[in-house]
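J.: Each chain, letter by letter, is given below.
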Amino acid sequence: MDHILTRDEVTVPENLVYSRTCLLTDNALSYCPGCGHGTAHRLIMETIEEMGLQADTIGVAPVGCSVLAYDFMDIDMQQAAHGRAPAVATGIKRLYPHKTVFTYQGDGDLAAIGTGETLHACNRGENIAIFFVNNGIYGMTGGQMAPTTLPGMKTATSPFGRDTASMGFPLKMTELIAQLPGTYYVTRQAVHTPAAVRKTKKAVEKAFQYQKLNKGLCFVEIVSNCNSGWKMTPLESNKWMEENMFPYFPLGDIKLPKP
Amino acid sequence: MAKVKGEIVVNTERCKGCELCVPICKEKTIAMSPGLNSKGYHYATSTNEDCNGCTNCAIVCPDGAISVYRVRLD
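As they're listed, the protein sequences go chains X and V. In terms of my numbering, the first sequence opens at residue 1 and continues consecutively. In terms of my numbering, the second sequence opens at residue 1 and continues consecutively.
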């Protein structure tokens, strides 16, 4: 072919292979540059768009960095009190059993103040999906120690590193709730590379499909970076996450449905 | 083998300059622009003609700032 296509000839609508889903609003995301929350939001919204669930989905936003999720997700949303998203989602799902209901929570919300709500919603086997973004720190309030902070990790409230003798060990919520008979599908994924993003999207799809089949609670943990809280550049924080977070929070399916 | 030609279009106002897309691009197409957007970030930009439209940069972009176009050259 002799004619070399120019940029203007390639960038026409019929050649478009990927662009941002229309279920994300035009508001600029309030997250720091490089934060995994943006990718996690996009994956959930893309899945809802592909499954045609926009009118039938109710999301529950948490307290934390993602408190403004209802500003970015163009679906019905409800904001819950700190940690109470699974309880609010329980009520919504019981009132509207035909709706798809999910919560989107961070580790300060789900694993600290909301541990009770999370465990009991999982134990009751509520037919909802929980998306848990774990970055091992309280990002919104300025980088304090969270239950999921790694041993030895420096934060604003553990300036000499987390001392497990006095501060305990990181809480593996995902392994914990996988023990409960009420959960149906429990997995841990990440969003730092294209391969990881594709796997996470498959996990999100499965969570919504199982909910449609009334199978029980699906729990998807997304290990993410917090470059501002960790005081690193986005690329450094992703490398640090691979080297330090993944050995403690190994990726993969933890509980798969029995065939 | 069918050849493909890709192009990316970066929404420069949405880009926050996190640079996650730069090492992801196997064709080394993406670099950070010396210019700034209205929020003061160096935005990502396409610097050569090698893009094959693999969409990896758009998939990792936390802000969904990248649209990818691809055409087959048969």
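Read the hints as simulated data drawn from the structure, not as lab findings. Hints may contain errors.
[As the list claims (entries may be wrong)] Below, a list of computed lysine-lysine pairs in the DSS-like style, where the Cα atoms sit at most 25 Å apart: (1) X/255 x X/172; (2) V/26 x X/239; (3) X/215 x X/202; (4) X/201 x V/39; (5) V/3 x X/231.
[As the list claims (entries may be wrong)] Footprint (simulated), chain V over chain X, 3 or more residues, beta carbon under 8 Å: (6) 16-28; (7) 178-184; (8) 193-207.
Ideal placement from N, C-alpha and C gives every residue a C-beta, glycine not left out.
J.: Decide, hint by hint, whether the structure agrees.
T.: Now for the hints, and whether the structure bears them out:
In summary, the hint linking residue 255 of chain X to residue 172 of chain X is supported, as the alpha carbons are separated by about 14 Å, within the 25 Å threshold. With a C-alpha separation of about 18 Å, the suggested pair residue 26 of chain V and residue 239 of chain X falls inside the 25 Å cut-off, and the hint holds. Our distance criterion of 25 Å between C-alpha atoms is met by residue 215 of chain X and residue 202 of chain X, whose separation comes to about 17 Å. As the CA atoms of residue 201 of chain X and residue 39 of chain V are separated by approximately 30 Å, the hinted pair breaks the 25 Å bound.
Only pairs whose Cα atoms come within 25 Å are accepted, and residue 3 of chain V paired with residue 231 of chain X is rejected, the gap being roughly 43 Å. Counting residues of the region 16-28 of chain X whose beta carbon lies closer than 8 Å to any beta carbon of chain V gives 8, which reaches the threshold of three, so the coverage claim holds. For a cut-off of 8 Å, the count of residues in the region 178-184 of chain X with a CB near a CB of chain V stands at 0, and the three-residue condition is violated. Figure legend: the region 193-207 of chain X, annotated as covered by chain V; annotation consistent (4 residues with Cβ-Cβ distances under 8 Å, at least 3 required).
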